[in-house]
Amino acid sequence: GVFDITWGGVSMLNAQLAMNEALLGMGEWDYLINLSSSDVLLQSLSDLRAMLLKTYGISYMHSAQRTQDDLKKRRLDISFHECEGHSYRVDENGAIPKGIGVFGGSSWFVLHRGAISWINSCVAEGFGGGLKGAANVSWAEIQELATSAPCGAVQEQLDWMQSRVSPEEIFFQSLFNTTHLCNKFSGPHDLRKIMWEKTKQQKQQEGCLHNNEIDGCGNSPRWLDKASYANFLREQAGVRISRDGKLQPRDMGKPEPKKGDRYFTRKYR
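Following my numbering, the numbering of the sequence shown begins with 400 at its first residue and continues without gaps.
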C-alpha cells in the first residue's frame with residue numbers, strides 16, 4: 400500500500416511496521432536493511448554478506464539510553480497528534496513511562512528476520528490478529544518466542560508511542576534493550592556513516608527544519624560530497640590524506656573508522 404508520511408509523526412513508525420509485516424510474506428530473506436534514496440555503499444555486497452553471515456542473527460542499530468532530561472529535551476514528555484500531514488502539540492504534560500528503560504538513536508537499521516517476526520506477531524496480537532504475519536517462520540518457532548518472550552513490552556511501547564514525536568527513533572531501540580532481544584543486537588553501530596557534525600554557522604544557516612510538518616524543529620544530517628566520500632573510502636582502507644595531498648598510513652590511535660565498521664553512507668550527492 401501507499402502511506403502518507405509526516406516527518407516526526409507516528410505514521411513513520413506505523414509504515415515501517417506495516418512494511419515489516421508485508422516483507423515477511425515475500426519469500427525467503429534474512430535481513431531487512433532500510434535505505435534512503437541517497438544512500439550508497441561504502442563496501443561491496445560480498446563484504447556486507449560475509450559480515451552478516453559471521454554475526455548471523457545479530458541486528459544493528461544506533462542505540463543509547465535516554466535519561467529523564469534527555470527525554471524532555473527530545474520532547475517525549477509532550478503528546479502530539481498527527482493530522483493531515485502535520486503533528487500538533489496537544490498536551491504539554493505527557494507522562495513518561497517509569498520502570499522501563501527508554502532508548503533512542505537513529506531510524507536507520509539492519510534487522511534480522513527473527514526479531515522482526517517476533518515484534519510483528521506481538522503487534523498483530525495486540526490488534527486482535529493473533530500470531531499472524533510470520534510467513535516462512537515455523538509455528539514451533541513462533542510458539543517458542545511467544546512463550547519465552549511475552550508481548551506486553553511491545554504493545555505497551557507501541558501504545559505510548561502513538562502520541563510521541565519521532566517514535567521510529569526509539570521503538571526498536573527500546574525493545575532490543577529491554578526484552579529478550581538484548582543479546583541479539585549491536586547497540587553502538589548501525590553500519591552507516593552519517594554526517595551529524597555541524598558547526599554553529601551551519602546550524603544557523605539551516606534554521607528550523609521540518610517545522611512545516613511538526614510543531615517544533617527537527618534535525619537532519621549534512622550531505623556527504625564527493626570529496627568527503629572519497630576521503631572516507633581511503634580511511635576505510637587504512638590510509639588518510641595529508642594537507643599536501645599525499646596518502647599516509649592512518650594513525651590508528653585516532654578515533655577514525657576502522658575497515659569493516661561502516662557499509663553505507665547517508666545523504667550522498
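Treat the hints with care, as some may be off.
[To be verified] PhoX-like, lysine-lysine: derived pairs with alpha carbons at most 20 Å apart:
1. K583 / K453
2. K597 / K625
3. K599 / K453
4. K583 / K472
5. K625 / K472
[What the hints assert, rightly or not] Just the calculated beta-carbon pair ranges, DEER-fashion:
6. G551 / Q601: 39 to 49 Å
7. A626 / P549: 43 to 53 Å
8. K597 / L632: 37 to 47 Å
9. L444 / I404: 23 to 33 Å
10. A629 / G551: 45 to 55 Å
11. P549 / D614: 29 to 39 Å
Note that these hints are calculated values from the structure, not bench results. We put the beta carbon where it would ideally sit given N, CA and C, even for glycine.
Evaluation of the provided hints:
A C-alpha spacing of about 13 Å is found between K583 and K453, which places the hinted pair at or below 20 Å, so the restraint holds. For the hint linking K597 to K625, the alpha-carbon distance of about 18 Å falls within 20 Å, and the restraint holds. A hinted pair counts as satisfied when its Cα atoms are at most 20 Å apart, and K599 with K453 does not qualify at roughly 41 Å. As the CA atoms of K583 and K472 are separated by approximately 29 Å, the hinted pair breaks the 20 Å bound.
In summary, the hint linking K625 to K472 is not supported, as the alpha carbons are separated by about 34 Å, beyond the 20 Å threshold. Checking the proposed 39 to 49 Å range against G551 and Q601 shows it holds: the Cβ atoms sit about 43 Å from each other. Range check, A626 to P549: Cβ separation about 51 Å, and the 43 to 53 Å hint holds. For the hinted restraint 37 to 47 Å between K597 and L632, the CB-CB distance of approximately 22 Å leaves it violated.
About 28 Å separates the C-beta atoms of L444 and I404, a value consistent with the hinted range of 23 to 33 Å. Distance hint check for A629 and G551: the Cβ-Cβ separation is about 49 Å, which falls inside the suggested range of 45 to 55 Å. Taken as a hint, the range 29 to 39 Å holds for the pair P549 and D614, whose Cβ atoms sit roughly 36 Å apart.
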